[in-house]
Amino acid sequence: MFGTSEERRILWRHMREPVLTACALLIMLGVNVALGATLPFPHVWIVELIVAGLMVATILAFSMEVRREPPLVRLFACIGFVWVAILFAMTLVDYLSRR
Amino acid sequence: MSGGTSVGVRLASHFATVEQQKHAAVLGMWAWLLTELLLFAGLFLTALILRLTHPEAVQAAARHLKFWIGAVNTVVLIGSSLTMSGAIQLSRLGWQRGMVRFMLATAALGTLFLALKGYEYYADYHEHMMPFLSDRPYALTDSPPSRLFVNLYYVATGLHGLHLLTGIAILLAMTRQASRPGFLAAHQNRIEIFGLYWHFIDLIWIVAFPTLYVLNR
Amino acid sequence: MTSGTITDGPALRDPHTPDSRIGHGPDYLHAEHTLRSWFFTTDHKRIALLYLASITAFFVIGAVTAGLVRLALVVPDGQVFTNDTYNKLFTIHGVVMVWFFLIPSIPATFGNFLIPLMIGARDLAFPKLNLASWYVFMTGAFFTLVSVVLGGVDTGWTFYTPLSTAFSNTWVVPALIGVTIVGFSSILTGLNFVVTIHTMRAPGMTWFRLPIFVWTHYATSLIFLLATPVITVALVLLIAERAFHIGVFDPAYGGDPVLFQHLFWFYSHPAVYIMVLPGMGVISEIVPAFAQKKLFGYRFVAYAAIGLASVTFFVWGHHMFVNGQSDLASVAFSVLSFAVAVPSAVKVYNWTATIHKGSLKLDTPMLYAMGYIGLFVLGGLTGLYLATLAINQHVHATYFVVAHFHYIMVGGTVLAFLGGLHFWWPKFTGRMYIEAWGRISAVLIFIGFNVTFFPQFILGYLGMPRRYHVYPAEFQFLNILSSAGSTILAVGYIFPMIYLVYAIWFGKRAPANPWDARGLEWTVASPPPAHNFLTEPQAPKVPYDYPIQARETGRQHS
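Residue numbers (my numbering), protein chains in the order written: chain A, 1 to 99; chain B, 1001 to 1217; chain C, 2001 to 2558.
This is chain A alone, in the form it adopts within the complex (with noise of 0.2 Å):
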């Protein structure tokens, strides 16, 4: 498919960064995975979540090349996630302060 050895080195130069990013996904994703299938103790929760939030952060920064954006971009890949934030927090305030 590729041809000569320039062309080989061009699209590993190219490539690296993709394959890397998928590299690290993976490994976090097996981590999670780990512990999800053997739940080694109580709050195991928490480290999943942040794991989860690692391989999203790692998504937006390199595979959707966020980190290479102009700042407007930035902000609109971030502002979502603060609305998430605004959605998730006051109504946990509710649900949190149930009796």
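These are calculated hints, taken from the structure and not from any lab test. Quick caveat: nothing in here was measured; it's all calculated off a predicted structure. It is possible that some hints are incorrect.
Unchecked claim - Label-pair ranges, simulated between beta-carbon atoms:
hint	chain 1	residue 1	chain 2	residue 2	range
1	A	L75	C	V2443	43 to 49 Å
2	C	L2381	A	L39	54 to 60 Å
3	A	R16	B	A1169	28 to 34 Å
Glycine residues also receive a C-beta, built at the ideal position from the N, C-alpha and C atoms.
Got chain A sorted already, so can you dock chains B and C onto it with the hints?
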């Protein structure tokens, strides 16, 4: 394969520059993804509230989900993100044939995800884990609130599957266009814009998998 | 540039036409004539008119059902309609007015038409998407109308569970599908505006040179994008509940109906600002033009728009004080709701300060604008009453609430819509309407509105609940007064529909800038050329550069 075709974007008449046009397209897709995020956030919030109000029932229901199929499907989607990134990288180089192959691989992995999902639904059906079917008895009858979580699982995965199906359809249509000569000279940024959507469906699944399968075990 | 020379009737002060930009090519109305050129247009101005025609039709449906509701309430014993019919009437009124008139009213028409003109762009960023949004809107409208034709819906516009899921035997699902689809049309419009305002501004058109109309539409669009999907998913869950009994909102299985209300109001409270913010933008254009005075506190008005759009996401629970949410949540939502008063008041004070010592011309748009300011103050202040937990216990779900939100929705949005319609009608059509008729209608609407809705404050305070057509006989006088007011209001609505349409064919030709107003939209011909600007638009150095400059203390150099 040696040397790429020329790469660029053709200016639409209402824009002043190509840069402006590309910027608008990227921003437009991000604005759309904002709405997608809030859409799924409503479902994740519902899952969280169910977990808070009925912890035991939700755990009982979550243990019946096909954890390993979900995990394999996550691997499949991470793979499809990789091939999509590959298509984007090759489109920037102007390597049209390689790009088309990567796009087809992405569509294939997306289809594999749906196939596994379909098998999962089938297995659920077999195990009487479809409480929304009125004429089929439900397995966990002693725990009525567990129905809510299982039903929500179908709404959430169904909505995600719909997004994936739409993504595959658009991807195949675009692959057809993209295999014609001159595509990359006129519409290279379409690949990038679609890539954002594809990665985002992946992102939603990355959240959905722990929310539904892992955290509640 | 001085103003005030009346040359051609009262409406045509100083027809100042910067001829360098007025072209000789056909304008957008006459560029093509086929039906196809309208239904497949990608010109933002034509799409705006498609929307204008559609929402006017829905306004008529909503107004007729409102009239029937008022008719039913003339007698206290509920003999005019059956209970079912009455429930369906107020539901159709609410659903149609909220989702098919108020929400698209100003953004989809004026916003579509004016934003590219105001920022000096040739079109919106995604013209095809813009057309698609109209088709999506009409598809949603189709489903909703189907539900009405089949027999209607009786849940109220809020679709509260479990009434909408377990008890209503009416056509809830088609109505829900319709409202869900219409949400996507809002999202697409908002997406287009956000991207357009960010990327399509003419060279030199910096953020603080933009008209406030553009700022408020930007804020509105953010709400479209961030709030609409949440109601979409809430309605999808409702549809699934009705179709498959998924139970998430059903207490019988342990579901929580209040969760639906959380998801519903996360959208529907910010939706109030989807309706109000564009109106504020319209008023911020009209007031300086008819005071011939620079808008007072430009930056504060701009920031207040963004402030309102953000604060509004923290207050939705004030709709749920008596519905079973926790006391702590009620207190939090109540306190936060008071914060909304701050940016609202900033706007009102700045408009009044703009009027102060201006060279006032009380033409039709200005009459509407002044009516708006007064009614918005009343509606806003009664909102503070309702945000107070103790008073809310007393007046929750009474006519006090009905009066409050009609002061905001009708006194605010509809008056701003009509004011804007008269202000930009010459720009849309190239014709002037008859000024005397405009003023008569504006006054009629103001009087009719207050006679209709002020008695409802008293009724609600006395304890008359909303959504009932059987009520104690001692409330009859105030109800008859309210219904009488609604007939005046109806006349006030019918007049503009006649003389504005009449003006399209028989009105005097409008100059490019009949009001001597500032802003790029007034530098192009009326009606504008098909591609908006024939030469590169020149962004003004200062927004609202009117002859009378406000003296603002402090260091305000924009």
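Now the hints, each set against the structure:
no.: 1; hint: A:L75 to C:V2443: 43 to 49 Å; result: holds (46 Å)
no.: 2; hint: C:L2381 to A:L39: 54 to 60 Å; result: holds (56 Å)
no.: 3; hint: A:R16 to B:A1169: 28 to 34 Å; result: holds (31 Å)
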